[in-house]
Amino acid sequence: MLYVCYDNGAYMNTGIQRSSATPYGADTTTSPAGKVKQGKEQFRKDLTEIMVAHHIPYAAQTVPVIPGTPYMFDLYNKAEKAFKITGAKFMNVLTPCPRGWRCDTATELEVVKAAVETCFWPLYEVENGEYKINYIPKEKKPITEWLKLQGRFKHLLKPENEHIVQKIQEEVDRRWERLLFLAKVK
Amino acid sequence: MAKRVSLSGNEAVAFGMKQINPDVVAAFPITPSTEVPQYFSQFVANGEVDTEFVAVESEHSAMSACIGAAAAGGRVMTATASAGLALMWEMLYVGASMRLPMVLAVTNRALSGPINIHNDHSDTMGARDSGWIQLYGESAQEAYDNLIQAIRIGEHKDVQLPVMVCYDGFITSHAVENLEMLDDEEVKKFVGVKREAPFALIGQDPVSMGPLDLPNHYFEHKRLQAEAMKNAKKVILEIAAEYEKLTGRKYGFFEEYKMEDAEAAIVVINSTAGTAKFVVDNLRAQGKKVGLIKIRVFRPFPAEELAEALKNVKAVAVMDKADSFSAAGGPLFAEVRSAMYGRADGKIVTNYIYGLGGRDVTTTQIEKVYADLFNAIETGKYEVYNYLGVRE
Amino acid sequence: MPNLKELSKKKVRFTGGHRMCAGCGAPMVVNWILKALDDDERAVISNATGCLEVSTCLYPYTSWKDSWVHTAFENAAATCSGTEAAFKALKKKDLLMESISS
Numbered sequence: 623m624l625y626v627c628y629d630n631g632a633y634m635n636t637g638i639q640r641s642s643a644t645p646y647g648a649d650t651t652t653s654p655a656g657k658v659k660q661g662k663e664q665f666r667k668d669l670t671e672i673m674v675a676h677h678i679p680y681a682a683q684t685v686p687v688i689p690g691t692p693y694m695f696d697l698y699n700k701a702e703k704a705f706k707i708t709g710a711k712f713m714n715v716l717t718p719c720p721r722g723w724r725c726d727t728a729t730e731l732e733v734v735k736a737a738v739e740t741c742f743w744p745l746y747e748v749e750n751g752e753y754k755i756n757y758i759p760k761e762k763k764p765i766t767e768w769l770k771l772q773g774r775f776k777h778l779l780k781p782e783n784e785h786i787v788q789k790i791q792e793e794v795d796r797r798w799e800r801l802l803f804l805a806k807v808k
Numbered sequence: 004m005a006k007r008v009s010l011s012g013n014e015a016v017a018f019g020m021k022q023i024n025p026d027v028v029a030a031f032p033i034t035p036s037t038e039v040p041q042y043f044s045q046f047v048a049n050g051e052v053d054t055e056f057v058a059v060e061s062e063h064s065a066m067s068a069c070i071g072a073a074a075a076g077g078r079v080m081t082a083t084a085s086a087g088l089a090l091m092w093e094m095l096y097v098g099a100s101m102r103l104p105m106v107l108a109v110t111n112r113a114l115s116g117p118i119n120i121h122n123d124h125s126d127t128m129g130a131r132d133s134g135w136i137q138l139y140g141e142s143a144q145e146a147y148d149n150l151i152q153a154i155r156i157g158e159h160k161d162v163q164l165p166v167m168v169c170y171d172g173f174i175t176s177h178a179v180e181n182l183e184m185l186d187d188e189e190v191k192k193f194v195g196v197k198r199e200a201p202f203a204l205i206g207q208d209p210v211s212m213g214p215l216d217l218p219n220h221y222f223e224h225k226r227l228q229a230e231a232m233k234n235a236k237k238v239i240l241e242i243a244a245e246y247e248k249l250t251g252r253k254y255g256f257f258e259e260y261k262m263e264d265a266e267a268a269i270v271v272i273n274s275t276a277g278t279a280k281f282v283v284d285n286l287r288a289q290g291k292k293v294g295l296i297k298i299r300v301f302r303p304f305p306a307e308e309l310a311e312a313l314k315n316v317k318a319v320a321v322m323d324k325a326d327s328f329s330a331a332g333g334p335l336f337a338e339v340r341s342a343m344y345g346r347a348d349g350k351i352v353t354n355y356i357y358g359l360g361g362r363d364v365t366t367t368q369i370e371k372v373y374a375d376l377f378n379a380i381e382t383g384k385y386e387v388y389n390y391l392g393v394r395e
Numbered sequence: 002m003p004n005l006k007e008l009s010k011k012k013v014r015f016t017g018g019h020r021m022c023a024g025c026g027a028p029m030v031v032n033w034i035l036k037a038l039d040d041d042e043r044a045v046i047s048n049a050t051g052c053l054e055v056s057t058c059l060y061p062y063t064s065w066k067d068s069w070v071h072t073a074f075e076n077a078a079a080t081c082s083g084t085e086a087a088f089k090a091l092k093k094k095d096l097l098m099e100s101i102s103s
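Same order as they appear, the protein sequences are chains S, L and G.
Quick note: the first sequence uses my numbering, first residue 623, plus one each step.
Quick note: the second sequence uses my numbering, first residue 4, plus one each step.
Quick note: the third sequence uses my numbering, first residue 2, plus one each step.
Honestly, I wouldn't trust all of these hints.
Claimed, not checked - The calculated lysine-lysine pairs, modelled on DSSO-like cross-linking and capped at a C-alpha distance of 30 Å, are: (1) G:Lys-92 x G:Lys-11; (2) S:Lys-776 x S:Lys-763; (3) G:Lys-11 x L:Lys-192; (4) L:Lys-6 x L:Lys-292; (5) G:Lys-66 x S:Lys-703; (6) L:Lys-225 x G:Lys-11.
Stated by the list, open to error - Only some residues are given here: those of chain L computed to face chain G with a beta carbon under 7 Å: (7) Ser-64; (8) Ala-68; (9) Ile-70; (10) Pro-209; (11) Leu-215; (12) Met-232; (13) Met-262; (14) Val-393.
Keep in mind that the hints were calculated from the coordinates and are not lab data.
All C-beta atoms in this analysis are idealised placements derived from N, C-alpha and C, irrespective of residue type, glycine included.
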């Protein structure tokens with residue numbers, strides 16, 4: 623069985639409520655940004671790592687097919703590999719929801735690209751416990767590149783919320799460094 | 004040839020499952036049902052069945068896996084009790100509305116809270132409107148017989164519904180009784196090899212199952228589901244007749260015990276019927292015209308037949324081993340009195356809630372119920388709603 | 002590196018006409034995942050309650066050319082585990098006619 627999670631970062635079907643997958647600071651209908659709160663107050667649950675912890679034969683994180691990128695076929699390759707492995711397999715696919723992310727449908731794949739280039743959403747796979755990062759950006763972009771393209775993070779870019787952006791950056795860095803370590807890149 | 008054996012109710016059910024040899028059993032342990040999946044997984048480990056055993060992590064998952072397996076076209080069984088059944092709740096309705104035959108053995112146990120592991124019927128009585136057929140059995144023998152018949156009832160082309168086979172936790176599930184088991188070959192022949200699955204996920208053609216069903220179609224689907232439950236009445240009797248030919252044991256919607264000329268009767272479910280029959284015998288020896296009806300089929304509810312069976316009595320006490328907190332009596336009482344309305348009018352009908360959380364019900368208490376009924380007949384004075392054997 | 006031209010010839014398993022929002026990423030993901038199957042393979046897809054489920058199988062229509070099942074919100078995998086178990090059992094009893102990817 624291959625389990626595919628298309629992670630759009632909230633309960634979109636019922637009208638954009640926060641979930642454990644919602645990123646820190648996101649403005650959703652149940653974690654709204656207001657006068658005293660600035661969106662979701664917890665970091666995103668790392669579902670891919672949770673599945674890795676089950677010690678299943680294959681767990682992978684990827685994005686939709688984005689033409690012109692070095693990782694254009696990452697999704698297809700991982701699905702093809704997963705189907706050929708016997709046992710429980712898992713794929714986590716960052717999937718744009720223009721309504722929930724409040725982004726432009728025409729350029730939504732640019733947003734996904736920003737998730738990869740900022741290392742908010744690293745492309746990697748874990749096969750029988752062995753980590754492999756499938757794409758390492760030459761130059762890791764600051765997290766604001768991902769935040770600024772989406773209406774759900776708009777409030778975070780106000781000067782008074784700079785400390786929140788910094789906090790998000792630190793968490794993204796921490797998780798990326800950990801992944802580099804696990805993949806024996808560092 | 005049938006053989007005489009001494010088994011607990013859970014053993015009888017597990018051995019019955021072994022003889023049925025289903026395609027999939029997905030189950031999760033819960034007292035007092037645990038032994039069923041435990042014995043069964045030993046059969047799997049020994050290669051005595053061809054079944055795939057799915058060891059899930061909750062009863063919700065157990066029922067979900069059963070639904071997935073039944074939707075695939077497999078023959079599916081599971082077992083649970085009490086909170087386990089409660090955790091299956093959402094999926095009970097889904098399974099029934101998808102018209103998937105499955106057999107669920109329930110060892111009746113009180114629902115929390117407070118937590119209590121002993122017998123009453125609050126678990127399955129709560130699930131009475133989930134769309135499942137419900138069969139109840141007084142003994143290990145009846146649990147076994149109901150289990151074998153349940154496969155055929157649920158899978159019948161005019162029914163296609165899941166079936167609960169209910170028997171009392173500990174009292175029946177753990178007590179060892181003498182019973183008669185069919186030969187493996189006889190069971191195999193009786194249940195047949197493969198269930199009739201008109202549509203299946205891994206059948207000849209791909210199918211989509213479990214669609215979004217909006218106001219334009221939903222009602223018709225529910226109406227068809229209701230019709231299937233009506234059809235089950237006929238099918239239950241047909242299968243019972245076939246089973247009687249094989250075993251000599253007769254089953255219907257309910258058992259009538261010394262009802263021919265009874266003036267005072269009680270209506271009861273499961274093992275308490277055994278205690279009550281003893282009381283009936285004693286009172287009959289004293290010349291008192293008493294009788295008993297033990298419900299076997301609660302869903303579909305045999306309303307007309309029950310009213311017919313009660314048409315000559317003067318007074319009826321309905322015994323409920325579950326409270327529905329309606330402030331208007333227990334679930335069995337509500338159904339029995341409703342069944343009598345317009346069919347067997349002018350009777351005294353009372354309700355006794357008893358035995359909650361495994362509280363023993365004694366012969367003295369049941370004698371009191373009959374005494375109350377005779378007193379009501381003589382004086383015309385009585386309480387409709389009563390609690391039996393509780394400190395107040 | 003897969004060949005885009007070759008991939009475009011692969012069997013379409015998820016059809017248009019569904020009611021997902023314009024720009025939603027989910028149908029793209031579904032299409033590409035299913036492309037990774039061989040054309041002669043059959044899949045069973047278990048779908049949790051959500052946008053994809055409510056928008057792709059409204060009675061009496063379906064967008065799915067493979068067998069598809071929806072039961073509830075939180076149990077797509079548990080449902081599928083039962084289907085997988087039934088597949089294994091039926092295979093053991095030699096009651097299957099066609100190959101299905103496990």
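Status of each hint after checking the structure:
1. G:Lys-92 x G:Lys-11: holds, 27 Å
2. S:Lys-776 x S:Lys-763: holds, 18 Å
3. G:Lys-11 x L:Lys-192: Cα-Cα ~46 Å, so violated.
4. L:Lys-6 x L:Lys-292: violated, 37 Å
5. G:Lys-66 x S:Lys-703: Since the Cα atoms of Lys-66 (chain G) and Lys-703 (chain S) sit roughly 22 Å apart, the hinted pair holds (cutoff 30 Å).
6. L:Lys-225 x G:Lys-11: violated, 39 Å
7. Ser-64: Since the shortest Cβ distance to chain G is 4 Å, the answer is holds.
8. Ala-68: At 3 Å from the nearest chain G Cβ, Ala-68 (chain L) passes the 7 Å test, so the hint holds.
9. Ile-70: holds, 5 Å
10. Pro-209: holds, 4 Å
11. Leu-215: holds, 5 Å
12. Met-232: violated, 21 Å
13. Met-262: The hint is violated - Met-262 (chain L) has no Cβ within 7 Å of chain G, the shortest such distance being about 44 Å.
14. Val-393: Violated: closest Cβ of chain G sits about 38 Å from Val-393 (chain L), beyond 7 Å.
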